[in-house]
Amino acid sequence: MPPRRPIRQPSWINRLSTPARYGFAVAQLALSTLGAELLVKLTGSGNRVGGAFLVGVLVTSYVAGQGPGYLAAFSSFLIYNFYIQSMNFSLTSYKAEDLLVLVTFPTVAMLMGNLTGRVREEARSAESRALATAALFEGTREFSASDDAALIRARLADHLAAAARGQAFVLDKEVLCHAGGEAPTPMVLSAARALALEDGAQPRTIEAAGWRVRYLAGGAVAGWRAEPPPGPDEENLLQILADAGAVATARAGLTVAKADAEARARTEDLRNALLSSISHDLRTPLAAVLASATSLQEFGDKFDAKTRHDLTATIQEEAERLNAFVTNLLNMTRLESGALDPASTAFDLAEVIDRTRKRFERLRGKRRIGCKLGEGAGVALGDPVLFEVALANVLENAIRYSPNGGAIELVSFVKDGQVVVQVTDEGPGVPEAELANLFDKFYRGAAAKRMPGTGLGLSIVRGVMQGMGGKASAVLRADGPSGLVVSLALPAARA
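-7 is the number of the first residue of the sequence shown in this note's numbering; add one for each residue after it.
Bear in mind the hints are in silico, worked out from the structure with no lab data behind them. For clarity, every value in this text was computed on a predicted model and none was experimentally measured. Quick reminder that beta carbons are idealized off the backbone N, C-alpha and C, glycines included. Do not take every clue at face value.
[Stated by the list, open to error] Below, computed lysine-lysine pairings styled on BS3-like, alpha-carbon distance capped at 27 Å:
| # | residue 1 | residue 2 |
| --- | --- | --- |
| 1 | Lys250 | Lys364 |
| 2 | Lys463 | Lys364 |
| 3 | Lys298 | Lys350 |
| 4 | Lys433 | Lys463 |
| 5 | Lys350 | Lys463 |
| 6 | Lys250 | Lys165 |
| 7 | Lys463 | Lys407 |
| 8 | Lys407 | Lys364 |
| 9 | Lys350 | Lys364 |
| 10 | Lys298 | Lys364 |
[As the list claims (entries may be wrong)] If you anchor each label on the Cβ, the simulated ranges turn out as follows:
| # | residue 1 | residue 2 | range |
| --- | --- | --- | --- |
| 11 | Val95 | Gly173 | 47 to 53 Å |
| 12 | Arg347 | Glu290 | 51 to 57 Å |
| 13 | Val167 | Leu103 | 37 to 43 Å |
| 14 | Gln458 | Glu312 | 22 to 28 Å |
| 15 | Arg196 | Leu26 | 54 to 60 Å |
| 16 | Pro178 | Val95 | 54 to 60 Å |
| 17 | Ser138 | Arg351 | 24 to 30 Å |
| 18 | Arg486 | Ser138 | 24 to 30 Å |
Generate coordinates for the entire structure from the input sequences, incorporating the hints supplied.
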């Protein structure tokens, strides 16, 4: 069986004020009297006019309620008596059917008034419940989709005002959100703050200057005011809506706290890793420089020329390594602070490549470094100093991870209006799934973790290239041997 739908009166009836209801009773009485006059003229007798007045009492009781119905019944009684007795108000001459009609007037008014009141109250309650339920549903849907506590508080105030069909506010510490009209008075806010400060307070609702004020979990307070006041069912729905908003606000706070804690933990891990790497990378070259310098100072006259040359070469190599390490740290600091200000000029790419390659003559050992410049790829647009920094980091990685005796190729060509420099090595490469992380700060692959380093080099490469309007990318070698192909692209200079 389908669910029973609530009985509803026309909406204009529910909007009638009390004076308008009594005015309607008077107007209906006038219509009934006019109908009675017509019946008298048509029938020539006043004994059949009771039906006109009975209809008027029924209509008045249904539309205007019990009070106006009683007024219509009493007035109809007097007028009906006039028609029967022709201005004689004595009750002794009434017939039985006349008395029945007269008794029917107040009886009908009472029954119809009570029925109308129940119908009107049921319709109002059903409408209020539907409105509050819709606000509850929409509010919980919005609350579950947001982690912004400020937005949740604002929307909670909006939904409470809509559900109460009045005004509402949410007070969280000193943050006030209100909707549906002006902000609550200072007296109401003082009561709300006092409720929020109670020790061990549990969710409960109090009355304050016509407002319903509810303490919410987490120390917030919500309030609403409506005319007429909501019924018990609507009040329960309003309280559920307020509690749902409080839970969503608490969840948003926990989400933010969790994100902050995770960020702090990641920052601490990165800081520890960086400090550990820096301390190792600083100690190693410093120890080599100190040992070589001490040996030369104490036993220099006893060493042959070759030994002295090797020791001075070690000092130079380790000092250059230390300088490169400090330069990378400074470049990363400049990138993160936004202090990088690259030039944009046409420069000779072959000169920068050759200068960079010569810097690694001692470091390359037995590795072969081949260079091949494509046609039209000799001039690029950018900052030659910063491009050399990027190329040096890529070439150093290629030398570090390629086996001694392996080959490293530097190739340049023009593609889609850009000059591309590719560095191909014979190292172990990285898993394809990790290619996307290769240029991330502090990222080091499995092979890289066995060697000294900070994981800053390729991150600096990407930052420098992007600062010049270029791009850095990497792919695995597809021609057989293992290794990486790192590409640096800059806009080609116009001829």
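Comparing the hints with the structure gives:
no., hint, verdict
1, Lys250 x Lys364, "violated (52 Å)"
2, Lys463 x Lys364, "holds (20 Å)"
3, Lys298 x Lys350, "holds (22 Å)"
4, Lys433 x Lys463, "holds (16 Å)"
5, Lys350 x Lys463, "holds (24 Å)"
6, Lys250 x Lys165, "holds (21 Å)"
7, Lys463 x Lys407, "holds (13 Å)"
8, Lys407 x Lys364, "holds (15 Å)"
9, Lys350 x Lys364, "holds (15 Å)"
10, Lys298 x Lys364, "violated (35 Å)"
11, Val95 x Gly173: 47 to 53 Å, "holds (50 Å)"
12, Arg347 x Glu290: 51 to 57 Å, "violated (37 Å)"
13, Val167 x Leu103: 37 to 43 Å, "violated (54 Å)"
14, Gln458 x Glu312: 22 to 28 Å, "holds (27 Å)"
15, Arg196 x Leu26: 54 to 60 Å, "holds (58 Å)"
16, Pro178 x Val95: 54 to 60 Å, "holds (58 Å)"
17, Ser138 x Arg351: 24 to 30 Å, "violated (54 Å)"
18, Arg486 x Ser138: 24 to 30 Å, "violated (51 Å)"
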